[in-house]
Amino acid sequence: MAGVRGNQAYLVAAKQTGKGVAPTKWQDKYFFSGGNIQPSRGTDQLSETDSNRAAGDFFVTQTAVEGSPEVYVRDTSIHHILEYAFGAAAHTGTTNFTHTVTLANALPYVTFGKGQGNLLFEQFNDVKIDELTVSAGTAQPLTAAFTVQGRSAVRQTEEWKTELAPPAAASTAPLNFNLATVKLGGSETHLVSSFEMTLSNNLTLQQTDDSVPFDVVEGTQAVTLGFDLIFESLVEYNKFHYGGESGTTQSPTIFTTTSNFLFSAGENNSLEFNFPNIAYQEFPVEPDPGGGPVVVSVRAAAQRHSEGFVKAIVKNQVEK
Amino acid sequence: MANDQKSSVLVLGRDDADTKQDAQAVEPAAADQAVTETVDVTADEPVEEASKVSVQLNSDFEGGVDRAIVSVANYDDIVLEAGKAQSVPAAQAELLLSSPAVEVAE
Numbered sequence: 001m002a003g004v005r006g007n008q009a010y011l012v013a014a015k016q017t018g019k020g021v022a023p024t025k026w027q028d029k030y031f032f033s034g035g036n037i038q039p040s041r042g043t044d045q046l047s048e049t050d051s052n053r054a055a056g057d058f059f060v061t062q063t064a065v066e067g068s069p070e071v072y073v074r075d076t077s078i079h080h081i082l083e084y085a086f087g088a089a090a091h092t093g094t095t096n097f098t099h100t101v102t103l104a105n106a107l108p109y110v111t112f113g114k115g116q117g118n119l120l121f122e123q124f125n126d127v128k129i130d131e132l133t134v135s136a137g138t139a140q141p142l143t144a145a146f147t148v149q150g151r152s153a154v155r156q157t158e159e160w161k162t163e164l165a166p167p168a169a170a171s172t173a174p175l176n177f178n179l180a181t182v183k184l185g186g187s188e189t190h191l192v193s194s195f196e197m198t199l200s201n202n203l204t205l206q207q208t209d210d211s212v213p214f215d216v217v218e219g220t221q222a223v224t225l226g227f228d229l230i231f232e233s234l235v236e237y238n239k240f241h242y243g244g245e246s247g248t249t250q251s252p253t254i255f256t257t258t259s260n261f262l263f264s265a266g267e268n269n270s271l272e273f274n275f276p277n278i279a280y281q282e283f284p285v286e287p288d289p290g291g292g293p294v295v296v297s298v299r300a301a302a303q304r305h306s307e308g309f310v311k312a313i314v315k316n317q318v319e320k
Numbered sequence: 001m002a003n004d005q006k007s008s009v010l011v012l013g014r015d016d017a018d019t020k021q022d023a024q025a026v027e028p029a030a031a032d033q034a035v036t037e038t039v040d041v042t043a044d045e046p047v048e049e050a051s052k053v054s055v056q057l058n059s060d061f062e063g064g065v066d067r068a069i070v071s072v073a074n075y076d077d078i079v080l081e082a083g084k085a086q087s088v089p090a091a092q093a094e095l096l097l098s099s100p101a102v103e104v105a106e
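Just so you know, the sequences run in chain order X and E. Under our numbering, the first residue of the first sequence carries the number 1, and numbering increases by one thereafter. Under our numbering, the first residue of the second sequence carries the number 1, and numbering increases by one thereafter.
Source of the hints: derived by calculation from the structure; they are not laboratory data. Computed from a prediction, not measured in an experiment: that's the story for all the values here. Every residue gets a Cβ at the ideal spot worked out from N, C-alpha and C, and that includes glycine. Treat each hint with caution, since some may be false.
Short, incomplete list of chain E residues facing chain X, as computed with Cβ under 7 Å [to be verified]: (1) Asn58; (2) Gly64; (3) Ile69; (4) Val72; (5) Leu97; (6) Ala101.
Once the Cα atoms are required to be at most 27 Å apart in a straight line, the calculated DSS-like pairs of lysine-lysine come out as [to be verified]: (7) Lys161(X) to Lys25(X); (8) Lys29(X) to Lys15(X); (9) Lys161(X) to Lys311(X); (10) Lys320(X) to Lys29(X); (11) Lys19(X) to Lys52(E); (12) Lys15(X) to Lys52(E); (13) Lys52(E) to Lys183(X); (14) Lys84(E) to Lys311(X).
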């Protein structure tokens with residue numbers, strides 16, 4: 001029997017209705033563009049005085065779920081990943097649907113399944129997304145990388161069947177940065193060449209009287225934004241350092257602005273991130289002895305706003 | 001699901017039996033009264049009614065859609081239609097109201 005090929009693997013996912021409630025149907029099937037999801041196993045070592053030099057025996061401290069799978073972003077399924085990480089979604093429309101995904105205080109538990117070759121099938125229960133990064137380099141496809149923490153893993157003796165049979169994976173092309181429309185401060189700009197949004201949920205695994213954690217609990221929420229900007233004008237630079245577009249004196253206050261990234265593969269197939277209030281944190285304009293054009297790696301953090309740190313709008317032909 | 005510490009209400013009490021030195025100075029009636037005042041906040045209506053919130057579809061959402069399915073963690077999806085309010089548990093309402101599709105019904 002030949003060894004199992006690494007590229008023969010898939011990921012399925014479904015939102016649970018509560019802790020410990022198994023899903024009855026997978027929502028999506030993804031293929032890995034990187035990363036993994038797996039059972040975790042924490043161990044520690046006994047340490048006590050003895051009559052010989054042999055180190056102490058090991059013992060199991062915790063069994064759980066960990067990993068950082070990465071998948072390509074397709075409009076047909078990204079609204080689900082976003083809902084898992086953000087917490088709330090509103091679905092509207094008929095035939096063509098719009099999914100508005102927003103941040104909430106509670107995150108849903110998610111069940112993931114992984115198939116590797118035709119040999120290993122594992123189901124990961126009561127999982128939450130700790131950190132989600134949606135990003136794309138110049139001309140590159142968008143990826144969604146998410147670190148997860150979960151309570152327990154179960155090895156299936158065969159692939160999921162009947163109602164839980166994995167659905168067909170989406171065959172549409174991933175969204176990419178060449179489909180982007182970027183607005184800074186409400187005005188469209190063609191100077192941005194990359195995108196990276198990171199949502200941190202700062203999860204904590206709570207362990208009590210079992211090697212299986214009792215729960216996965218959300219902590220402080222934060223959203224950061226990064227993008228590369230061709231340095232052609234002083235507008236954004238001045239906003240960061242000098243308090244406004246034409247400022248000349250260093251500003252003692254944080255300058256905030258808006259940002260919007262739309263990735264559109266058509267009128268009814270798109271992904272949009274709207275940041276209603278961001279503050280630049282880094283705006284490095286670096287000389288280059290090699291003479292290359294200056295590209296600024298801008299870093300910003302979302303600030304509190306009545307509409308939340310960020311809102312995502314996905315358009316596709318999937319009802320919810 | 002474990003309690004979220006940030007959204008918890010902490011009611012502090014004191015175990016007088018463990019503080020023998022101060023036992024004479026403590027007035028049990030005062031402690032009882034403090035607990036009673038906390039309960040009185042919802043005394044006018046049944047607990048189950050007080051913990052419900054009436055929500056409805058935001059008439060401004062996406063330029064005025066007439067129907068939206070709203071999903072939040074740990075609750076079944078709720079279908080909101082224009083002009084129709086629904087009563088939901090306060091904990092669910094807190095999550096629902098994080099969506100721009102939902103507003104408190106007047």
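**Q.** Restraint status (C-alpha distance of lysine 320(X) to lysine 29(X) at most 27 Å)
**A.** With Cα atoms ~15 Å apart, lysine 320(X) and lysine 29(X) stay inside 27 Å; holds.
Q: Quickly compare the C-alpha distance for lysine 161(X) and lysine 311(X) to 27 Å and report which way the hint goes.
A: violated (36 Å)
Q: Measure nothing beyond the straight line between the CA atoms of lysine 15(X) and lysine 52(E); if it is 27 Å or shorter, mark the hint as holding.
A: holds (25 Å)
Q.
Please verify whether lysine 161(X) and lysine 25(X) have alpha carbons no more than 27 Å apart.
A. holds (10 Å)
Q) Is the hint on asparagine 58(E) kept, meaning its closest Cβ partner in chain X is under 7 Å away? A) violated (9 Å)
Q: Answer holds if the nearest beta-carbon of chain X is closer than 7 Å to that of isoleucine 69(E); otherwise answer violated.
A: Holds, about 4 Å.
Q: Sort out whether lysine 311(X) lies within 27 Å of lysine 84(E), counting only the CA atoms.
A: Holds - the C-alpha atoms of lysine 311(X) and lysine 84(E) are around 25 Å apart, at most 27 Å.
Q: Tell me if glycine 64(E) is really an interface residue toward chain X, meaning its C-beta lies closer than 7 Å to one of theirs.
A: violated (11 Å)
Q) Within 27 Å, alpha carbon to alpha carbon, are lysine 19(X) and lysine 52(E)? A) holds (23 Å)
Q. Once the shortest beta carbon distance from alanine 101(E) to chain X is found, is it less than 7 Å?
A. holds (4 Å)
**Q.** Hint check, valine 72(E) versus chain X [nearest Cβ-Cβ separation less than 7 Å]
**A.** Result: holds, 5 Å to nearest chain X Cβ.
Q. At a threshold of 7 Å, is the proposed contact between leucine 97(E) and chain X supported by beta-carbon distances?
A. violated (9 Å)
Against the hints set out earlier in the document, violations occur for numbers 1, 2, 5, 9, 13.
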